[in-house]
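**Q** Sequence:
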Amino acid sequence: MTSEHLGELEEPLYTPFIERYMLDEVKQLRVDMSAQKHELMQQILDREHESVDRAVTYATDTVTYFFYLIAGATSVLVVVGWTSIREIKDRVLSSADAEISNLVQEYETRLKNIESQLKQKTRHIKENREEIELAREVQSLWLRAQQEASPINKIDIYDQVLNLRPNDCEALTYKADAVLELDEPQWAANLCHRALEIDSQNGHAFYQLACAYSAMSQYDEVMRCLGKALEYSESYRDEIAVDVAFDNMHGYPPFEELRSADGKMESSTELVPEI
Numbered sequence: 027m028t029s030e031h032l033g034e035l036e037e038p039l040y041t042p043f044i045e046r047y048m049l050d051e052v053k054q055l056r057v058d059m060s061a062q063k064h065e066l067m068q069q070i071l072d073r074e075h076e077s078v079d080r081a082v083t084y085a086t087d088t089v090t091y092f093f094y095l096i097a098g099a100t101s102v103l104v105v106v107g108w109t110s111i112r113e114i115k116d117r118v119l120s121s122a123d124a125e126i127s128n129l130v131q132e133y134e135t136r137l138k139n140i141e142s143q144l145k146q147k148t149r150h151i152k153e154n155r156e157e158i159e160l161a162r163e164v165q166s167l168w169l170r171a172q173q174e175a176s177p178i179n180k181i182d183i184y185d186q187v188l189n190l191r192p193n194d195c196e197a198l199t200y201k202a203d204a205v206l207e208l209d210e211p212q213w214a215a216n217l218c219h220r221a222l223e224i225d226s227q228n229g230h231a232f233y234q235l236a237c238a239y240s241a242m243s244q245y246d247e248v249m250r251c252l253g254k255a256l257e258y259s260e261s262y263r264d265e266i267a268v269d270v271a272f273d274n275m276h277g278y279p280p281f282e283e284l285r286s287a288d289g290k291m292e293s294s295t296e297l298v299p300e301i
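Mapped onto my numbering, the consecutive letters of the sequence shown carry residue numbers 27 to 301.
Because the hints were derived from the structure by calculation, they are not lab data. Be aware that a few hints might be false.
Derived DMTMM-like pairs: lysine to aspartate or glutamate, alpha-carbon spacing no greater than 20 Å straight-line [to be verified]:
(1) Lys53 x Glu65
(2) Lys147 x Glu157
(3) Lys115 x Glu125
(4) Lys145 x Glu163
(5) Lys63 x Glu74
(6) Lys152 x Glu134
(7) Lys152 x Glu141
(8) Lys145 x Glu156
(9) Lys63 x Asp79
(10) Lys53 x Asp72
(11) Lys147 x Glu159
Could you build all of it, start to finish, from the sequences and the hints given here?
**A** Below, the structure is given as structure tokens:
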């Protein structure tokens with residue numbers, strides 16, 4: 027309808043009847059919505075009641091089954107001989123006492139083992155502490171020996187080391203070196219033999235023994251001991267060439283061959299038996 031038609035209207039488009047109709051429709055719509063809301067609330071309440079009923083039923087059944095279980099267990103206990111609550115209590119207490127006794131014994135055993143381990147570790151710590159103190163004292167003696175120029179004082183220091191460590195091969199061999207400075211080759215040889223009894227592969231002991239044999243002019247023994255020393259360490263080859271202990275060996279063919287050789291001596295060591 028256009029604006030021209032609206033302008034031509036002489037009376038309103040609605041009537042009291044139409045207005046009454048609209049009001050009735052709105053009222054009915056409200057009534058329907060209220061009824062629907064009431065129905066929805068009723069459904070929710072019904073479902074809640076149903077859930078509560080199920081929970082109560084479940085709890086009731088659970089309690090009932092629990093009592094059935096207790097009754098069944100009681101019947102079984104009665105069958106196997108536990109005929110009274112007092113007897114059950116006594117057996118439970120005795121079982122608990124036995125279990126506690128086992129636990130106490132187990133923990134006592136563990137504590138004894140721990141105590142034994144602690145004692146052992148304490149003993150090891152004490153031994154290590156004593157060894158450290160001994161090593162410090164021995165190290166101090168070695169430093170003193172290096173600073174001494176007198177062979178007699180060196181021998182006295184090496185004797186102190188040997189008192190602390192009787193099986194110290196290095197102390198024996200260095201003492202043999204000091205003894206050679208006092209022109210006591212037989213004494214030095216005995217010290218080297220003691221060192222070789224402790225360590226049969228000590229190259230320094232063989233080298234000092236060769237020096238002692240050189241002083242006693244036992245050339246074959248010198249060559250044998252030098253061969254063993256070079257077998258364990260080629261570093262002695264340079265010392266052999268400049269050591270004054272072997273001055274009397276110069277001109278001896280096997281010794282000259284040893285000095286000029288590039289490798290280890292083989293033929294001479296095979297012909298002479300080892301110590």
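**Q** Quick check: which numbered hints come out false for this structure?
**A** Of the numbered hints, 4, 6, 9 and 10 do not hold.
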